[in-house]
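Engineer: Sequence:
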Amino acid sequence: MSAPDPSGPATATAAPPDPTPADADALFASAFWFDTHATAELIEPYRGMHVAILGEQIIDADSDKESLFRRLDAQDALPPYRVLIRYVPTEEEAWSGLW
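The sequence shown begins at 1 in UniProt numbering and counts up by one.
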């Protein structure tokens, strides 16, 4: 019996399903929740960070967007296409209007 050929095709990971209208509705609902509930009290700990929002909850945050994406991608239980990413400007950015 011969050993498997290591030069053979690599096993491809399955692509996530295409986004659905329900996914779009969920993103819109998350955006609406954040935009209407983003009080100073809620966003203060996240100033200068990218926040991940799912439903009516901030589920993760990081000042480095790529690090945030890597952590979110590693969580298999998160529904694809339903996590909204928003940047929360620092006080200086918010006042300057440059964000």
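Keep in mind that the hints were calculated from the coordinates and are not lab data. Please read these numbers as outputs of a predicted model, since none were measured by experiment. Positions of the beta carbon are idealized from the N, C-alpha and C atoms, including for glycine. Be careful, since some hints might not be right.
[Said to hold, decoys possible] The following label-pair restraints were derived from C-beta to C-beta distances:
hint	residue 1	residue 2	range
1	P17	E91	21 to 27 Å
2	A94	P17	34 to 40 Å
3	P17	E41	34 to 40 Å
Engineer: Decide, hint by hint, whether the structure agrees.
Structural biologist: Evaluation of the provided hints:
Distance hint check: the CB atoms of P17 and E91 are about 41 Å apart, inconsistent with the given range 21 to 27 Å. In this structure the supplied range 34 to 40 Å holds for A94 paired with P17, their Cβ-Cβ distance being about 37 Å. Under the hint 34 to 40 Å, the C-beta atoms of P17 and E41, about 37 Å apart, fit the expected range.
Hint 1 alone, counting from the list given before, is not met by this structure.
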